[in-house]
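S.K.: Each chain is listed here by its residues.
There are 2 protein chains.
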Amino acid sequence: MKVIKTIAAMKRTRLKLPKLVGFVPTMGYLHEGHLELIRRAKAENPWTVASIFVNPRQFGPQEDYTSYPRNIPRDLAMLETVKTDIVFIPPTAEMYPPRYNTWVDIEKVTERLEGSIRPGHFRGVATVCTKLFNIVQPTKAYFGQKDAQQVIVIKRMVTDLNMNLEIIVAPTVREPDGLAMSSRNTYLKPDERQTAVVLYRALKLAQKLWSQGEQDVHRIRQAMTEMIKQEPLAEEITYISIADAKTLEELHKIEPPALVSLAVKIGRPRLIDNIILE
Amino acid sequence: MKVIKTIAAMKRTRLKLPKLVGFVPTMGYLHEGHLELIRRAKAENPWTVASIFVNPRQFGPQEDYTSYPRNIPRDLAMLETVKTDIVFIPPTAEMYPPRYNTWVDIEKVTERLEGSIRPGHFRGVATVCTKLFNIVQPTKAYFGQKDAQQVIVIKRMVTDLNMNLEIIVAPTVREPDGLAMSSRNTYLKPDERQTAVVLYRALKLAQKLWSQGEQDVHRIRQAMTEMIKQEPLAEEITYISIADAKTLEELHKIEPPALVSLAVKIGRPRLIDNIILE
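Residue numbers (the working numbering), protein chains in the order written: chain B, 7 to 284; chain X, 7 to 284.
Keep in mind that the hints were calculated from the coordinates and are not lab data.
Among the hints, erroneous ones may be present.
All copies of an identical chain are treated as equivalent in the list; a pair is satisfied when it fits inside any one copy or across any two copies.
[Said to hold, decoys possible] Distance condition first, Cα-Cα at most 30 Å in a straight line; then the derived DSS-like pairs of lysine-lysine:
#, residue 1, residue 2
1, K17, K146
2, K146, K11
3, K114, K161
4, K252, K17
5, K252, K11
6, K114, K146
7, K11, K22
8, K161, K195
9, K8, K152
10, K271, K48
11, K161, K252
12, K114, K17
13, K252, K48
14, K214, K235
Owing to the predicted nature of the structure, the values given are computational and were not obtained by experimental measurement.
Work out the full structure, taking the sequences as your base and the hints as a guide.
M.R.: Rendered as structure tokens:
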């Protein structure tokens with residue numbers, strides 16, 4: 007496994023690789039969800055590059071950029087176990103040098119859900135992905151379905167800007183009890199960790215109601231809300247959304263494919279999860 | 007000379023070309039300035055692609071998008087004379103399909119000069135260049151110094167987004183009397199055309215004053231203004247700027263390299279021109 011720590015070295019290395027390269031961009035503090043993305047990239051491409059970069063520009067001023075969990079030695083050990091070919095760890099000062107001034111903005115789909123409560127978040131995500139795509143020049147890049155809106159935003163960007171890669175989306179990887187894996191789960195205290203499974207339980211409830219014939223979005227949302235409100239540690243529901251899976255426009259009556267997504271603050275972190283009804 | 011009229015065909019053709027490709031993006035209605043860019047690209051690259059695309063997204067609602075001069079047969083004949091290898095003419099509906107929503111924004115350098123009087127102009131320019139660069143995948147792209155701020159914006163974008171090409175800037179090509187070549191010169195009536203040379207004369211005056219030891223920007227601007235005001239058909243000076251050639255910050259005292267640029271409305275068009283004091 008080759009570890010590359012400058013943009014110039016990554017570009018030089020890329021020139022020597024064959025055309026097909028799979029890429030898994032991460033913010034580090036890896037979990038099984040990331041490793042699944044790498045395994046998939048390995049299976050589908052002769053070379054696989056992973057990146058570790060906690061991107062300051064996708065965190066708001068009140069968010070957890072400085073405290074976001076980091077542990078590069080642990081990440082490298084995990085990346086070794088899945089035989090990652092190349093790990094790219096760019097320095098922040100190289101990614102955003104003085105006078106840095108260019109941003110990639112996706113409108114409409116970024117105005118809802120996570121975008122509405124994290125202004126500038128998707129601008130930061132789209133910008134850093136554009137930069138990483140230009141540096142690594144992958145033919146496929148892999149993202150997890152857990153960040154459903156991110157996937158929609160990145161796909162929109164790749165299509166709109168005619169980028170030369172394919173975006174592959176892998177299913178959310180879950181803990182045995184159903185909690186979606188996330189680096190931010192590390193913030194949860196033991197009792198909060200137990201409560202956190204309610205996000206997935208509420209999603210499964212939505213799926214069950216729909217499979218039983220319920221199409222009214224208001225009633226499904228109501229049932230999910232009641233289930234979550236029974237948990238004293240689930241402090242605040244930021245949103246429960248049932249939306250068109252492509253445009254993210256909120257639905258009144260379910261028309262598949264519909265994205266059911268929610269964000270709930272439990273202790274320190276605000277957790278997100280989603281399923282698609284199709 | 008191969009003419010390509012879809013994005014997919016251009017991408018397919020690019021896959022068959024060798025690594026080094028020179029690219030000259032244009033809005034058509036070509037003049038000698040464009041042909042010079044093609045000659046230079048031909049001299050420096052085994053393959054040269056020119057594009058013709060009047061980009062609606064870089065025109066403001068009150069600007070001349072619909073009336074911008076267009077003549078594809080004439081352009082193709084001119085491109086033949088300089089032995090252009092490939093001409094890419096993408097349809098507007100393919101470049102901006104329904105639901106198109108992605109924009110490349112460069113801050114700071116776009117807030118001044120042309121950017122301040124044409125809101126959204128450089129957003130449109132940066133976005134279409136990103137798209138064209140992704141479709142054509144050139145290793146060098148050629149721009150004229152006449153659009154000085156555009157050159158600064160594009161260079162900033164290429165650096166910031168780690169794009170894999172080099173931006174080459176060629177000197178402004180002028181008519182025998184000094185008027186900078188521009189597709190918009192076609193809007194000028196005969197007496198306006200005679201007046202138009204005053205932009206270049208004012209720039210030469212600035213250069214002369216500076217070479218004689220004048221460093222005070224205010225006095226140079228004053229002299230240029232007086233010269234232009236003597237021309238009755240020079241209706242309105244939009245700006246006369248003497249700025250740092252990299253950041254476009256206005257100077258008080260000339261420190262080379264300084265960009266002297268101006269915009270003057272003469273009849274229908276607002277003409278621009280510039281020189282660098284170095």
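S.K.: Hint by hint, note whether the structure agrees.
M.R.: Evaluated hints:
Taking identical chains as interchangeable, the C-alpha atoms of K17 and K146 lie at most 30 Å apart whether they share a chain (17 Å) or sit on different chains (17 Å). With identical chains, the CA atoms of K146 and K11 are at most 30 Å apart both within one copy (22 Å) and between copies (26 Å). For a Cα distance limit of 30 Å, the shortest separation of K114 from K161 qualifies both inside one copy, at 13 Å, and across copies, at 28 Å. Taking the closest pair of Cα atoms, K252 and K17 come within 30 Å of each other only across two copies (26 Å); inside a single copy the shortest separation is 34 Å, beyond that limit.
Taking identical chains as interchangeable, the C-alpha atoms of K252 and K11 lie at most 30 Å apart only when they sit on different chains, with a minimum of 29 Å there against 36 Å within one chain. With identical chains, the CA atoms of K114 and K146 are at most 30 Å apart within one copy only, with a shortest distance of 25 Å there and 33 Å across copies. In this homomeric assembly, K11 and K22 come within 30 Å of each other (Cα to Cα) only inside a single copy, at 17 Å, whereas the closest approach across copies is 32 Å. Taking the closest pair of Cα atoms, K161 and K195 never come within 30 Å of each other, the shortest separation being 35 Å inside a single copy and 48 Å across copies.
Taking identical chains as interchangeable, the C-alpha atoms of K8 and K152 lie at most 30 Å apart only when both belong to the same chain, with a minimum of 28 Å there against 45 Å between chains. For the homomeric pair K271 and K48, neither the shortest alpha-carbon distance inside one copy (35 Å) nor that between copies (60 Å) is at most 30 Å. For a Cα distance limit of 30 Å, the shortest separation of K161 from K252 inside one copy, 10 Å, qualifies, whereas the shortest one across copies, 34 Å, does not. Taking CA atoms no more than 30 Å apart as the test, K114 paired with K17 passes between copies only; the shortest distance there is 28 Å, against 33 Å inside one copy.
Taking the shortest alpha-carbon separations for K252 and K48, only the intra-copy value of 28 Å comes in at or below 30 Å, while the best inter-copy value is 44 Å. For the identical chains of this complex, K214 and K235 are intra-copy neighbours only, at 19 Å inside a copy versus 77 Å across copies, given an alpha-carbon limit of 30 Å.
Violated hints, in rising order: 8, 10; the structure is consistent with all others.
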